Amino acid sequence: MSSAGIRTAPAGQAASVAALETAAGRLPGYGRLTRIALIGNPNSGKTSLFNQLTGLNQKVGNFPGVTVDRKTGISQLTPQHRAEIIDLPGTYSLYPKSLDEKVITDLLYDRGSAQYPDFVVVTADASNLRRNLLLFTQLADLGLPAVLALNMMDVAEQHGISIDLAELQQELGVPVIPMNARKGIGVAALKIVMAQQLDAPGVSFYEPEPELLPMIRQIRYYFNLHNDYLALHYAHQFRHISFLTPDDKAYIAELVAKYAFEPTARQAQETIARYNHINELLLNVVSVTRTEKAEPYSNRIDKVLTHRVWGYLIFMAVLFLLFQAVFAWASYPMELIDQGVAWINSLIQTNFDGPLISLLTEGILAGLGGVLIFIPQIALLFAFIAVLEETGYMARVTFMMDRIMRKFGLNGKSVVPLISGMACAVPAIMSARTIENRKDRLITIFVTPLMSCSARIPVYTVLIGLVVPDQPVLGIFNLRGVALMGLYLLGFVSAVGSAWAMKLLMRTTERSYFIMEFPVYRWPRWKNVGLTIVEKVKAFVFQAGKVIMAISVILWVLASYGPGQAMEQAETRARNTAISQALTPAETESRVASQKLESSYAGRFGHLIEPAIRPLGFDWKIGISLLTSFAAREVFVGTMSTIYSVGQDANELTVQQKLAAEKDENGQPFFTPARSASLLVFYVFAMQCMSTLAATYRETKGWRWPILQLVYMTGLAYLASLLVYQVLK
Amino acid sequence: MPTPILTPETAARRSVKDLQLGESGTICCLKDPEMALKLLEMGCIPGTQVRLNSRAPLGCPITLVVGEAADYTLSLRVSEAATILLKE
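Those protein sequence lines, which keep their order, are chains V and P. Each residue of the first sequence is one higher than the one before, starting from 1 at the first, in UniProt numbering. Each residue of the second sequence is one higher than the one before, starting from 1 at the first, in UniProt numbering.
For reference, chain V alone in the conformation it holds in the complex (with noise of 0.2 angstroms):
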């Protein structure tokens, strides 16, 4: 047999391989499932048509080596036919202008990647269809074989803009499916046609001018790329494509040296021809009939809510209701989620007993509780935000406070996070998300938790009552509220100066901009708004949860063990005293408990670093509390009345004059105005909470940021301490 005679017959066999092959990638459960990316610009409907096409069967992920969500979901295509659709950032361009965006080209670029789609969706404003092509265009010259969703057909219609869709289906070369998918119109239609076997576009819209042709052919004969316009775009961008090798970049970057490339104002060409080439196919396609020329509602109401006084006092207003949501609202699920885990917790504690139980309830359940408490907060906070995404009141908020924020290196969207942050810095950070701009983001996110937040309320009740006199000032104040309102000052203060501080001291290769879209007011689509929630508390329970539940068993296991048999003889020791000064049992429960952790890992922590914190004025004793109330600020009063055997039910009144009454070495108060507004300052600053930090680690995708938030706040606690308490005292 020849060599030739080999080749063919495997040839056909492959050619049959390859249609079981698809016919089993239709099956569920057979071989892969089709993958789709849907891609369009940001306002286009993207969003709400993936939310149509998966509903509930979405996955967040990570994309290496950026802040960006990977949102994937199912589709049920047909009755046989299973799709893996993935969400792709909304963008204008396959030119990134952020590290974000730049998901979309390492993804489109990389034909054998097991992760390069089948095709692509793109959604387009029929509204605006000749920004929204640019995108469209770009994608077909890749020559993915694509799908044009033509969404916000009802918006188009009221704008008096009608489309003939045979004749733009044929000048793109793709199917065409006009949408509504806000209300779900036209989705079937289009689940139809990704069920097909879809092929490129036969038409091309943009050819590389010939002088680009001798570097172009070079790269993609290189590379073996199949077409000349993947080539160009790596001409471009071959510095920030993630697959390529240091060998490969060095390969391009000389022939582009060689042929005195020049991206800038080539791509400014392309894009000028390209909206040269559009305007010309939609002459034939796109007629405009508007007779009205009334203002469009959107700048009516525009008039209002961007009013140099009313616009402002509705958004203050708006904060208002947020934060009261957040801090007010949701504490009734809080409660019950706290005591519904305390009651499990007594639960298994009455009926069973050994240290497994005391891991479980005390470690283990004390952290899933750590975890739900946050659910409401988050809830609240994001069905907020979607509205007002949704609604298009927030692209007002930023444009309302840009010239403000700008000023401190934080985003007019920075309110927001910064707002929810004096209720809880959980939530606030998540929110962060909604900035586009990455420093900016990533500014926000560093700063938000400087806010003072509700858990840091009973620190302070505890410690203001113990030194500020209750006396009225000025006639109407109360002189302790007055202290207190003074902490929250410094907590915001001290967050925008750190922004501050961190615009000067941040370098970015990426470049900020204003330059957005503007969008219309819509009402707001419930699912979508029910489809962010239920988003953001999956990805803080999974993604966030597990390094709270982690840090909560390691702080159970450092109050509960002690080294060697330090635990059982502090017992004894406790209980020998107990009965030698005839205390009754509840007093000799506390008396244990307080020996125990003076003699746990925690406790021998706090003796460790107390001549790091005695210039602060601090003991072995707050050392304890510090280290406790990393679970959660408010832990400070427990382990304060643990410490002091004031026993499990004392509440903050009885704490207080527990720490009244204890007296320093020459039997002076130990609490004194310095060593308490120390205190005071040190928690305004620290950074005392591992959910905060484990909602930074998950926004941030990485540890960087958390472990610096948490050096940084730490230090400037530290130093503030030190200065309050070396002056006053």
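Hint data in this document are derived by calculation from the structure and do not stem from the laboratory. It should be emphasised that the depicted structure is a prediction, and the values quoted were computed from it without experimental measurement. Honestly, I wouldn't trust all of these hints.
[Stated by the list, open to error] The calculated label-pair distances, taken between Cβ atoms and stated as ranges, are:
# : chain 1 : residue 1 : chain 2 : residue 2 : range
1 : V       : 42        : P       : 13        : 22 to 32 angstroms
2 : P       : 47        : V       : 246       : 35 to 45 angstroms
3 : P       : 21        : V       : 288       : 16 to 26 angstroms
4 : V       : 57        : P       : 21        : 29 to 39 angstroms
5 : V       : 56        : P       : 13        : 53 to 63 angstroms
6 : P       : 21        : V       : 280       : 26 to 36 angstroms
7 : V       : 116       : P       : 34        : 27 to 37 angstroms
8 : P       : 13        : V       : 512       : 17 to 27 angstroms
Note that the Cβ used here is the ideal one computed from N, Cα and C, for glycine as well.
Given the coordinates of chain V, work out where chain P should sit on it, guided by the hints.
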């Protein structure tokens, strides 16, 4: 090397920044090459008509209506608007 977006005598021209509220102008060229890429993608092609639609309460940013058929509304900072030069 063709550079259709840039002109040498850029200083004398009016820019979008100088438009009065409600006033329209036609884009002649874009001054900042890098920002030009972003503006071009957003449809601010030389020859396109833009109208100053509104200013934020503090004077910046502003919104523009892009296109003769009022395609869509774009918001941008005054410093960015200053790079969009208008035809006489």
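Against the structure, the hints come out as follows:
1. 42/V - 13/P: 22 to 32 angstroms: holds, 31 angstroms
2. 47/P - 246/V: 35 to 45 angstroms: holds, 43 angstroms
3. 21/P - 288/V: 16 to 26 angstroms: holds, 25 angstroms
4. 57/V - 21/P: 29 to 39 angstroms: violated, 48 angstroms
5. 56/V - 13/P: 53 to 63 angstroms: With Cβ atoms ~55 angstroms apart, the hint holds.
6. 21/P - 280/V: 26 to 36 angstroms: With Cβ atoms ~33 angstroms apart, the hint holds.
7. 116/V - 34/P: 27 to 37 angstroms: holds, 30 angstroms
8. 13/P - 512/V: 17 to 27 angstroms: The hint (17 to 27 angstroms, Cβ to Cβ) holds, given that residue 13/P and residue 512/V are roughly 26 angstroms apart.
Violated hint: 4 only; the structure is consistent with all others.
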